[in-house]
Amino acid sequence: MQKILFTVLGVLMLLHTSMARAALSIEIIGAGEHQIPVSIVPFGGDEKLGLAINEVVTGDLLRSGLFRLVDPAGKSPHEVAEVHYPDWQVRGTEALAIGTVSTQADGRIVARFRMLDVVKQVELIGQAVSAGDGQIRAVGHRIADLIYEKLTGNKGVFSTRIAYVNRQGKMFSLIVADSDGHNEQIVLKQNEPIMSPSWSPDGSHLAYVSFETGHAAVFVQSLYTHQRKAVANFRGSNSAPAWSPDGKQLAVVMTRDGSSQIYLMRPDGGDIRRISFSGAIDTEPNFSPDGLSLLFTSDRGGSAQVYRMPVAGGAAQRLTFAAGSSYSPRHSPDGKSFVFTHLSGGRFYISVQDFQTGQMEALTEGGWEKKPSFAPNGKLILFASEARGRGILATVSSDGRVKQHMFTQSGDAREPVWGPHL
Amino acid sequence: MKKLVISIVLVNLLAACASQKPNETTAVPAAPATSAAATAPATASAVAAKTAVDPLNDPTSILAGRSVYYPFDVAAVQDADKPLVQAHAEYLSKNAARNVRLEGNCDERGSNEYNLALGQRRADGVMKMLELGGAKAAQLDSVSYGEEKPKATGHEESSWSQNRRTDLNYAK
Chain A
1 MQKILFTVLG VLMLLHTSMA RAALSIEIIG AGEHQIPVSI VPFGGDEKLG
51 LAINEVVTGD LLRSGLFRLV DPAGKSPHEV AEVHYPDWQV RGTEALAIGT
101 VSTQADGRIV ARFRMLDVVK QVELIGQAVS AGDGQIRAVG HRIADLIYEK
151 LTGNKGVFST RIAYVNRQGK MFSLIVADSD GHNEQIVLKQ NEPIMSPSWS
201 PDGSHLAYVS FETGHAAVFV QSLYTHQRKA VANFRGSNSA PAWSPDGKQL
251 AVVMTRDGSS QIYLMRPDGG DIRRISFSGA IDTEPNFSPD GLSLLFTSDR
301 GGSAQVYRMP VAGGAAQRLT FAAGSSYSPR HSPDGKSFVF THLSGGRFYI
351 SVQDFQTGQM EALTEGGWEK KPSFAPNGKL ILFASEARGR GILATVSSDG
401 RVKQHMFTQS GDAREPVWGP HL
Chain X
1 MKKLVISIVL VNLLAACASQ KPNETTAVPA APATSAAATA PATASAVAAK
51 TAVDPLNDPT SILAGRSVYY PFDVAAVQDA DKPLVQAHAE YLSKNAARNV
101 RLEGNCDERG SNEYNLALGQ RRADGVMKML ELGGAKAAQL DSVSYGEEKP
151 KATGHEESSW SQNRRTDLNY AK
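From first to last, the protein sequence lines are chains A and X. Mapping to our numbering: the first sequence position 118 is 118, numbers consecutive. Mapping to our numbering: the second sequence position 59 is 59, numbers consecutive.
The following block holds chain A by itself, in its conformation from the complex:
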């Protein structure tokens, strides 16, 4: 197992912007079995921008565990005519990315980039990527997505965003950030707990639990207008919001009729219908990608386990049977498996289970690992972990091979959730 300590320096170049708050260090553990050798030449034109973009692209590709970065070692072609293929074949590179970047009069950053197949000596991608003033990282993530998609056949997730809660003493912040943890934006900051952020399918809203009214209540907030509304604020606890895939319904857990049970409502809080009737704890609902069933956590059998029930209501089926307890189930994007937290022998594991075979597999070695969620391409899983006495964010590839830790600057990172493709 190789261990690379990779500190992102790109952020230093952006100290004058608000994006600079998120100084993260990222630790990558393990590697994919078949890493594709690629060379990314820092773009020409505005060289400072070129280097900053290069930092983001190479960081993204490294973290995926699927690529081996081959140093351009002094060669810096920016146009196809400047590429001498034997130079790259000698280095063992299979794909070469080159390009130029410039800032337009209106402040937009435009990168024109190409990716070349070094072996076949053909162009794989030729595309211009642009973003607004200062959004260097967005350009880098988009280019990394294009490279990833072309070389792996899967959609990239580098341009997606994540949400999590940062706890610092008694202060809680709800944060939205790029998938690499950079470009943090504070959605809500208060000295009462915040829990369970949940993305609307179009990425425009977050539902979450806030204790600002003295108890757990569910809020929905627009990430564009920042307008927010308490959509479930009944006696007791209101929590665990989950969006239906069409964005027209929220599943929410409430105790207004007794124990924690699952209800459906519109995202504005209207048209409330109870759909679970166990009298036990039923919580953490998660819709299947087809919108027809829900996974949830229940202790109706004596210990917390994962169950599945039709959204239309009806009998629930128990899915987890391993020793210990299981919590926080979430469907894979293809609906074929689910990821969850398995507590066994005092350790929390991130585990996946196949619906068809019922086979369960632990993806992590166990420790303090909670609240997993899939990246929208199903290839990575984001979860809350702990290292050096602090709550951190971590990812593991869905085959368990590549793990990475993301350290936020201070405080405990909790309750992460991966957002959708935008």
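Errors might be hidden in some of the hints.
As the list claims (entries may be wrong) - Listed below are several chain A residues computed to face chain X (Cβ distance under 8 Å; list not exhaustive):
#1 A73
#2 T255
#3 S325
#4 K370
#5 E415
To be verified - Take a look, some chain X residues computed to stay more than 12 Å from chain A by CB distance:
#6 P55
#7 S61
#8 L84
#9 K94
#10 G110
#11 S142
#12 S158
Since the hints were derived computationally from the structure, they do not count as laboratory data. Computed from a prediction, not measured in an experiment: that's the story for all the values here. Note that CB positions come from ideal geometry on N, CA and C, so glycine has one too.
Starting from the known structure of chain A, arrange chain X on it as the hints suggest.
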């Protein structure tokens, strides 16, 4: 500590004087205390104070206990804590103006959402016992903080056992 107790007693006496003037004449049964006053004035005034004090503010009363503790993943009030809950039920039934909020908490094991539900079940369990013991529903409210507001922040049983708790939080 002693000073604090005395000042609480005084405050309560003053409060009693201020709010219960019409009842002063009915407070006659305190006669034995007055007769004792003849022989030992100091003791007598102490006894008088004691009868007037709100037992909720008496640190020697069972009512001074405001927390119920649980084993892991359990929400039922344990036998050891039942007398405490029953004493609070009796107090609430005799003091209809007092309101109490039950605040359920959990240790950090389990998911945050499961623990929120478990904390609510703990608080609701105490609430139900108080109601069965004579408290009125209108005097009671319950919330859960799950694992979000730990009293002890360590990651071992000595901290966890303090965090698996329902607090009885009386409104001032």
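Problem set entry | Interface hint for A:E415, Cβ within 8 Å of any Cβ on chain X | holds, 6 Å
Exercise. Is the Cβ of X:L84 more than 12 Å away from each Cβ in chain A?
Worked result: holds, 23 Å
Exercise. Far enough from chain A: is every CB of that chain over 12 Å from the CB of X:S158?
Worked result: The assertion about X:S158 holds, with a minimum of 15 Å to chain A.
Problem set entry | Hint check, A:T255 versus chain X [nearest Cβ-Cβ separation less than 8 Å] | holds, 5 Å
Exercise. Taking the least C-beta to C-beta distance, is A:S325 closer than 8 Å to chain X?
Worked result: holds, 7 Å
Exercise. X:S61 clear of chain A by more than 12 Å, beta carbon to beta carbon?
Worked result: holds, 28 Å
Exercise. Are A:K370 and chain X close enough, Cβ to Cβ, to be under 8 Å, as the hint says?
Worked result: Constraint on A:K370 satisfied, holds at 6 Å.
For this session: May I ask you to check that X:S142 keeps its beta-carbon over 12 Å from the closest beta-carbon of chain A?
Result: Incorrect as stated: the minimum Cβ-Cβ distance to chain A is 6 Å, not above 12 Å.
Problem set entry | X:P55 non-interfacial with respect to chain A [C-beta, more than 12 Å] | holds, 27 Å
For this session: Using Cβ atoms only, decide whether A:A73 comes closer than 8 Å to chain X, and label the hint accordingly.
Result: Hint violated; A:A73 Cβ to chain X Cβ min 47 Å, cut 8 Å.
For this session: Take a quick look at X:G110 and tell me if its Cβ sits farther than 12 Å from every Cβ on chain A, holds or violated.
Result: X:G110 is in fact no farther than 12 Å from some Cβ atom of chain A, at 6 Å.
Problem set entry | Separation of X:K94 from chain A, once the least beta-carbon distance is taken, above 12 Å | holds, 25 Å
Checked against the numbered hints given earlier, the structure breaks hints 1, 10, 11 and satisfies all the rest.
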